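K.L.:
In the order they appear, the protein sequences are chains S and H. All the letters of the first sequence, read from the start, carry residue numbers 1 to 969 under full-length UniProt numbering. All the letters of the second sequence, read from the start, carry residue numbers 1 to 166 under full-length UniProt numbering.
FYI, nobody ran anything at the bench for these hints, they're computed from the structure. Nothing false has been slipped in among the hints.
Listed below are the simulated DSSO-like cross-link pairs for lysine-lysine, each with C-alpha atoms no more than 27 Å apart in a straight line:
#	chain 1	residue 1	chain 2	residue 2
1	S	K278	S	K321
2	H	K101	S	K23
3	H	K148	S	K23
4	S	K294	S	K278
5	H	K27	S	K415
6	H	K148	S	K65
7	H	K148	S	K170
8	H	K138	S	K170
9	S	K170	S	K129
10	H	K138	H	K101
Not everything, but these chain H residues come out facing chain S in the computed CB check (under 10 Å):
#	residue
11	L17
12	F124
13	L146
This structure is a prediction, so every number in the text was calculated from the model and none was measured. Here a beta-carbon is modelled for each residue, glycine too, at the ideal position from N, C-alpha and C.
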Amino acid sequence: MEQLKTIGRELAIGSHGGWGQSKEFLDLVKSIGEARSKAEEDRIILREVESLRRRIAEPDVPRRKMKDYIIRLVYAEMLGHDASFGYIHAVKMTHHDALPLKRTGYLAVTLFLSEDHDLIILIVNTIQKDLRSDNYLVVCAALAAVCKLINEETIPAVLPQVVDLLAHPKEAVRKKAVMALHRFYQRSPASVSHLVSNFRKRLCDSDPGVMGATLCPLFDLISADGNSYKDLVISFVGILKQVAERRLPKTYDYHQMAAPFIQIKLLKILALLGSGDKQASGHMYNVLGDIFRKSEQSSNIGNAVLYETICCVSSIYPNAKLLEAAAEATSKFLKSDSHNLKYMGVDALGRLIRINPDTAEEHQLAVIDCLEDPDDTLKRKTFELLYKMTKSTNVEVIVNRMIEYMINISDNHYKTEIASRCVELAEQFAPTNEWFIQTMNKVFEHAGDLVNVRVAHNLMRLIAEGFGEDDEGAESQLRSSAVDSYLRILREPKLPSLFLQVICWVLGEYGTADGKYSAAYIIGKLCDVTEALLCDDTVKAYAISAIMKICAFEIAEGRKVEMLPECQSLIDELSTSHSTDLQQRAYELQAFLCLESQAVERVMPLDASCEDIEIDKNLTFLKDFVQQSIENGARPYIPESERSGMSNVSNFKSQYQHEASSHMLRFEAYELPRPSPAHVIPQVSVPTPIADLVPVPETTYNSKTSQASKLPSVTDASSAAHGLKLHLDGVQRRWGRPTYSSSSGPSSTTSTEKTTNGVTHIDGVSSQPRDKLNESRRQQPEVSAEKQKLAASLFGGSAGKTEKKATSTQRAPKGNTRNAERPGATRSVSPETSKEKAAPSVPDLLDLGEPNPTSTTIVDPFKQLEGLVGPTPVPSPLDNSVKTSGLETPDLMAAVYTDLPPSGSSSGSLGSTIGDMYSADKTSNTATSAPSIKKGPFPQDSLRKDARARQVGVTPTGNNPNLFKDLLG
Amino acid sequence: MIRAVIVMNTQGKPRLLKFYEFQPPEKQQELTRSVFAVLSGRPDNVSNFVEADAIFGPGTRLVYKHLATLYFVFVFDSCENELAMLDLIQVLVETLDRCFKNVCELDIVFNFNKMHTILDEIIFGGQVLETSSERVLKAVEEISRLEKSASSVSFVPKSVSGRFGR
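Use the sequences and the hints to build the structure in full.
P.N.:
Right, dumping it as structure tokens:
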């Protein structure tokens with residue numbers, strides 16, 4: 001910044017605005033650069049914008065001045081200030097004939113306007129004209145504007161011109177025309193559907209660049225519908241072969257690679273076309289093998305091609321030899337010192353294990369390394385990999401790791417994702433109920449409000465129903481352990497609302513069930529909950545319902561309920577609450593306490609949350625009422641299907657959606673408005689379904705159905721008859737029970753639950769949801785192809801039952817040791833790590849003085865490394881000096897050119913050098929632990945890793961390199 | 001496709017914003033700020049990739065390069081390859097350097113319309129157009145030449161460094 005200021009000043013003094021931009025623009029930039037605060041900067045720009053607003057509107061602004069104004073406006077908008085008053089002037093500028101003005105105009109409008117802006121209509125005409133211009137630059141500028149500004153409605157206006165340009169003599173124009181058509185396809189596939197043959201034709205364009213551009217739209221087309229393009233497989237393979245054999249002109253080489261971007265696109269396309277198609281894949285094997293053989297590991301772009309080849313190989317019909325090559329390449333990535341390559345390696349590994357889960361075994365240590373890496377991106381990628389390879393033998397390790405990580409991050413978006421993954425894995429693979437509940441507690445405690453409500457309801461259902469065992473003892477044990485853990489957790493000062501809801505519900509149902517805690521104690525706890533800081537109305541509703549339940553159980557047992565003062569004050573508070581729901585509950589509780597024990601038992605039966613509730617769908621009990629109303633002159637109810645001139649709701653809706661999606665100007669007249677069917681529903685005089693707004697514990701519902709003239713079932717049945725299942729679902733999901741709803745309801749909700757689990761099996765659970773979780777676990781092997789493969793390796797492969805036992809026995813100490821060793825594992829103390837850190841942290845600038853040849857990309861990477869081993873200690877002091885003094889002249893190019901030898905960033909190569917330097921230690925190291933090559937060069941390192949390995953749950957056994965088998969095997 | 005190209009300095013001040021899908025100005029600022037927040041929180045010796053679904057929607061990633069006082073950031077979706085995007089940044093920077101002879105932040109500030117021209121020759125409508133910096137340069141020079149001949153007055157900015165011989 002300092003430098004910028006000085007140079008700015010020099011410029012202002014020396015140049016007097018004699019170059020390109022006007023002096024005023026220069027002054028503006030300079031004063032912004034000198035601004036000391038954001039506020040000052042804003043003031044300067046606002047002043048500028050104001051003056052521009054005045055001057056731009058003056059009559060007869062010279063053209064050159066106008067161009068300058070527009071550029072300043074673009075600049076102001078880039079800094080976040082409103083420049084909308086100038087849009088019209090930018091539009092006007094596109095009408096100019098002079099090329100510089102026209103280009104500036106187009107630049108400004110593409111930056112200013114959205115495709116739906118009102119001013120676009122004023123530009124379309126100009127674009128049309130410019131697309132036909134003789135000057136190819138004008139055409140290019142217009143095409144750029146086409147890409148950005150033409151929306152679905154205006155595509156037809158420019159489409160013919162753009163198609164004509166496909167035959168333009170200049171290849172740059174042809175290329176851009178192809179891309180513009182691609183853009184049209186992205187906007188509205190229908191608009192260019194008749195032009196697909198043009199894309200195919202352009203594939204044979206004489207210019208490889210145009211061919212390359214055509215691959216982009218073809219990629220999109222093929223990902224939408226691969227089957228129609230199977231005939232192109234051979235052409236694509238042919239092109240790829242030619243490219244890989246360097247048949248293209250030298251100008252397409254990039255860093256010694258032959259047209260790498262074209263290769264990457266082709267590989268992506270082949271991956272799509274070969275997926276699940278043995279015949280098509282057969283054509284590709286040869287060329288893919290060639291690419292592997294020729295792969296260039298030393299350059300960044302070479303690795304990009306290699307990675308893309310791995311992706312392709314893992315996507316097409318498997319070929320053992322290619323997969324082997326891919327695995328080898330992947331292991332090179334993983335062993336690399338560059339974080340970028342490790343990241344690609346982890347991603348590639350994730351693809352390969354889908355085909356062969358054993359691939360991961362070899363890279364266990366590398367993966368564990370990535371998990372502990374300071375790089376967040378790498379860590380997340382690794383968690384993604386672990387998520388893919390979770391199974392029942394390693395679920396505990398993986399989920400614990402995930403939760404540990406989840407606790408430490410503040411990024412809510414990712415927290416939500418990882419929490420939902422934990423839940424998903426726990427639901428699928430939980431080894432025991434206790435573990436499941438404990439895991440859920442942890443997830444709720446740390447990511448409470450971010451998890452889906454469904455998860456909370458699943459948990460409640462699980463506690464209520466158990467895992468489907470008939471063993472009553474186990475079930476009640478589960479419940480009391482849940483109650484114990486919740487009472488413990490309640491001591492925490494801050495708990496998420498959703499978690500509090502679960503706690504309240506469980507305490508209400510089972511708090512006093514095993515007789516360990518007195519009713520007064522539980523009620524006291526519940527009252528405390530309502531006084532907590534973050535307690536919202538929903539939690540209060542849960543709490544008071546829970547209190548009601550506990551009172552009910554007490555009364556039913558014939559004991560007298562002592563009303564605690566805090567409970568009384570809670571009732572008083574809630575009965576004057578703004579929320580009518582809370583009021584209602586408070587009054588209900590009060591009324592309830594006056595009832596005698598028999599009535600109470602009927603209203604609130606003990607442990608009735610799992611009982612099914614009978615529904616009278618025909619509403620026979622209302623017959624008398626209806627009869628009476630009709631006699632009193634009410635109109636009889638006409639079933640929806642019999643109402644004339646009225647399509648049913650869903651039909652109406654879909655039609656509407658169709659209209660919305662096609663989003664075109666309508667030329668035919670609108671139909672007559674229809675009476676909305678929704679209005680007819682309340683005809684039966686159904687009160688609004690208050691109950692749906694706030695979740696009500698089931699038992700209260702029971703009481704309501706008997707007390708309050710069976711309102712809910714009325715709403716339910718009537719709305720079900722109309723196909724409005726919206727709030728039905730809500731009710732159901734809350735309770736996860738098909739209690740009172742149409743029979744189609746439960747299956748639909750359960751199936752959605754399943755799909756969110758990433759599992760797609762359909763079972764008729766609606767009748768016995770009690771077994772659902774259990775059943776889904778039992779059916780695991782046939783869940784999805786991917787899991788199937790994992791499972792096959794689990795049961796059929798080396799990972800036998802003995803291993804499982806081993807892990808389970810070690811589970812117990814694991815929890816303690818992990819926490820104890822945590823600080824030690826942070827890698828800050830050991831001397832060699834500090835060295836490790838020092839070397840790569842050297843900024844790009846330091847490479848200034850390095851005698852690194854600027855264009856010696858052909859140099860053998862390993863030789864290069866060898867050369868670096870000696871001098872490494874020399875540059876580092878130098879570097880520091882550069883860092884301090886050299887900062888004055890931030891020269892991008894120094895960094896750029898040292899990056900040029902594409903062996904990767906400076907940090908990468910330095911890192912590897914260090915590895916080399918220590919390679920001597922390696923030999924001594926092998927004595928202590930056999931698989932040391934994989935463990936890295938340092939003895940301490942490997943020791944620490946062994947400790948980690950034990951923590952994670954496996955003992956390294958002598959020569960057996962299969963550490964972490966439970967994690968990776 | 002490539003969703004956006006952002007160039008900003010190490011204090012988070014935008015130097016060039018180009019969104020290939022329209023974003024209103026306020027949103028652009030917000031996105032730039034969140035990108036800066038992520039990047040400035042990352043240590044030096046880590047990968048150049050960041051998953052950006054929290055900022056740009058599901059499936060988006062960004063690749064960045066920190067050079068001197070500037071961050072070059074490309075945002076893209078799953079149709080692109082991270083390493084290839086990293087090289088595309090390299091192409092952009094190389095071209096800028098050839099164009100401005102030892103490019104520095106100041107060149108970019110003062111010539112940001114020229115930078116747009118260069119970028120338009122590399123990325124077009126969110127797709128990679130050209131990866132050879134020589135050819136990009138040639139195209140840009142051609143534009144400059146034709147612009148010059150089209151109007152009597154020279155509009156083509158000469159680079160700062162050229163003038164002052166830094």
